[in-house]
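**Student:** Residue strings, one per chain:
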Amino acid sequence: MKNRAWLFLTPALVLVSLSAFIPLMTVVNYSLHVLFPGSIPYFVGLQNFREVLNDEVFMGCIKRQIIFALQILIIQIPMGLAIALAMPKKGNWLTLMIVLLGIPLLIPYNVTGMVWRVFTRMDLGVVPRVFASLGYDYRPVEHVADAWWTTVVMDVWHWVPLVTLLCFAGLQTIPDAFYQAAKIDGASTWATFRKVTLPKLRYVLTIAVLLRTMDSFNIYSEPYILTGGGPGTSTLFMSIYVSSQAAGAFDMGTGAALSVVYLVIVVLLCYLLYTMMLNVGKGGADR
Amino acid sequence: MKKKVVGLVLYAIFSLIPIYWMVNCSFKTTTEILSTFRWFPEHPTLRNYLHIFGNEGWRASFINSFEYVGLNVLLVLVAAIPAAYAFSRWKFRGDKHLFFWLFTNRMAPGAIFMIPMFELYGNMGLFDTPMAVALAHCLFNLPLAIWILEGFMSGIPKELDETALIDGYSFGKFFIKIFLPLIRPGIGVAAFFCFLFSWTELVLARTLTSVNTKPISVTLTISLGAEGWDWGVLAAAGVLTMLPGVILVYFIRNYITKGFSMGRV
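Quick note, the sequences are listed as chains A and B, same order. When we follow the working numbering, the leftmost residue of the first sequence carries the number 588, and every step to the right adds one. When we follow the working numbering, the leftmost residue of the second sequence carries the number 7, and every step to the right adds one.
It should be emphasised that the hints constitute simulated quantities derived from the structure, not laboratory data. There's no promise every hint is true.
Non-contacting residues of chain B with respect to chain A, defined by C-beta distances greater than 10 Å in every case (computed) [claimed, not checked]: (1) G13; (2) I23; (3) W27; (4) R65; (5) A114; (6) D134; (7) F180; (8) Y256; (9) I258.
A short, non-exhaustive set of chain B residues, derived as facing chain A with CB atoms under 8 Å [unchecked claim]: (10) P24; (11) P50; (12) Y55; (13) A117; (14) I118; (15) P122; (16) E125; (17) G128; (18) L145; (19) W237.
Just so it is clear, the structure is predicted and the values come from calculations on it, not from any experiment. For each residue, glycine too, the CB sits at the ideal point set by N, CA and C.
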């Protein structure tokens with residue numbers, strides 16, 4: 588039986604080793620060397636990592652990434668939950684609503700960036716005109732705050748539907764009997780929400796928070812196309828910086844060390860997500 | 007009740023306006039886009055779309071994308087179906103660790119894999135072929151497909167397998183005749199999301215291709231980088247790129263959440 592399991596896994600393992608395992612080992616190996624194209628790799632131990640930790644641009648990226656994650660969570664989770672609560676429960680309006688929510692999710696990420704770039708460009712966009720009529724001088728290419736908040740709003744536009752759909756799936760699993768019982772007890776709408784709805788949504792809300800955190804640490808195409816990381820480094824996220832270093836830097840060792848640090852951060856987040864998903868799933872199922 | 011409806015309508019407007027604006031632009035000439043501000047094209051034109059269909063470069067980019075995306079979906083399904091079956095039916099040493107590791111691969115940023123994949127596929131002679139990108143995209147699509155399929159397969163009771171074998175079905179016959187038809191929706195969902203994420207991916211697709219297999223996501227990005235470009239044509243290309251997802255959204259509506267939560271919700 589055991590052998591059969593591994594037999595069934597063989598094709599998958601071949602693909603995994605070609606697409607993940609071998610490349611990963613290569614990166615780890617490179618990160619310990621000084622590597623100029625065409626010359627012999629020179630082992631330097633952890634020196635590359637010391638450079639990464641002293642790299643102010645990279646540290647700026649990490650800080651930016653954390654602030655970004657916090658901001659989008661504060662906006663997206665309540666907003667997604669509110670929309671899920673307001674959604675029609677069944678019928679054609681529900682179908683329409685789900686299709687509407689699906690559209691931003693199923694557009695390729697680079698096109699999302701493009702949609703927003705066209706929408707916010709000075710010469711052909713809608714947003715600058717709206718702001719101009721309100722008396723605000725909106726310049727996403729030059730002003731740091733404008734570029735940053737445009738990126739945040741774009742992310743909200745892109746990902747609130749996911750939070751909504753997750754919450755909606757969670758809401759559907761709450762039996763009507765709970766609400767009827769609350770009504771009989773004379774509970775206010777707010778109390779019902781606090782004592783019945785919210786605890787029941789614990790599992791999906793955990794998943795929503797963690798998925799959004801993870802994805803925000805991977806964000807690449809949308810800001811790359813919308814702002815290209817600028818002005819300056821004000822919207823430069825980790826993946827944009829790491830990929831520009833990997834492609835542009837002369838010494839591949841430094842790029843590899845950057846990648847390893849980035850990967851460690853993401854894997855730690857993954858571990859958190861994975862264990863919390865399993866634990867909350869167990870504890871929250873029948874409470 | 008009224009408040010809810012107003013809120014939903016406002017949200018719907020917020021969510022559709024940016025897309026509408028690009029669609030609007032795609033039916034204008036670039037001169038009109040840059041000179042006047044209008045919610046509707048003054049003289050609606052198909053010029054931009056005709057330009058893309060008539061242009062060798064744009065057409066080739068779309069075909070290149072379909073080539074490696076199709077290849078990727080095929081590779082992933084062939085490997086993921088048996089693997090998901092193993093995970094859902096049997097316990098074996100290290101199964102949980104392997105499952106977690108696959109999960110981290112799904113979440114790993116593509117930027118990390120640029121250098122090593124470039125080297126590895128270069129050495130294998132795959133650089134600038136559809137196969138290179140198809141293999142690279144297995145990084146995130148294979149785990150996704152295994153997780154989604156495992157969810158669907160675990161919903162089918164194990165007793166079914168045993169009954170079929172007792173009834174004298176060979177394993178192969180049972181698997182193809184009985185089991186696969188039962189999880190058809192799961193295969194459809196997995197295939198759709200593999201298609202979507204491969205179609206969308208930018209970092210690796212750009213690193214692993216140059217002249218011969220440049221995909222649409224890259225062509226679009228490069229054209230966008232060059233200022234003073236033909237905005238009408240770009241908008242049309244954007245519309246064409248998002249079309250597959252938008253067309254399929256109705257059919258996939260009950261499964262969208264599954265695809266983004268690794269089949270867990």
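**Student:** Please check whether the beta-carbon of B/F180 is more than 10 Å away from every beta-carbon in chain A.
**Tutor:** 14 Å, holds
**Student:** Was the hint right that B/A117 lines chain A, CB cutoff 8 Å?
**Tutor:** The hint holds - B/A117 has a Cβ within 8 Å of chain A, the shortest such distance being about 4 Å.
**Student:** Would you check whether the claim that B/A114 is not at the interface survives, using Cβ distances to chain A and the 10 Å cut-off?
**Tutor:** Check fails; 6 Å does not lie beyond 10 Å.
**Student:** Was B/Y256 rightly flagged as not at the interface, with every chain A Cβ beyond 10 Å?
**Tutor:** Violated, since 6 Å does not exceed 10 Å.
**Student:** Hey, does B/D134 actually stay past 10 Å from chain A on C-beta?
**Tutor:** Holds, because the least Cβ-Cβ distance between B/D134 and chain A comes to about 16 Å, which exceeds 10 Å.
**Student:** Please verify that hint: B/P50, Cβ, nearest Cβ of chain A, below 8 Å or not.
**Tutor:** Cβ of B/P50 sits 17 Å from chain A, so the hint is violated.
**Student:** At 10 Å, judged by beta carbons, does B/R65 keep clear of chain A as stated?
**Tutor:** Answer for B/R65: holds, closest chain A Cβ roughly 18 Å.
**Student:** Using 8 Å as the Cβ threshold, decide whether B/I118 counts as touching chain A.
**Tutor:** 4 Å, holds
**Student:** The hint names B/E125 as touching chain A; please verify it with the least Cβ-Cβ distance against 8 Å.
**Tutor:** 7 Å, holds
**Student:** Going by Cβ atoms, does B/I258 stay more than 10 Å from chain A at every point?
**Tutor:** 7 Å, violated
**Student:** Taking C-beta pairs only, is B/G13 more than 10 Å away from all of chain A?
**Tutor:** 5 Å, violated
**Student:** Holds or violated: the hint that B/Y55 contacts chain A, with Cβ atoms closer than 8 Å.
**Tutor:** With a closest approach of 16 Å, the B/Y55 hint is violated.
In the structure shown, a violation is registered for the earlier hints numbered 1, 2, 3, 5, 8, 9, 11, 12, 17, in ascending order.
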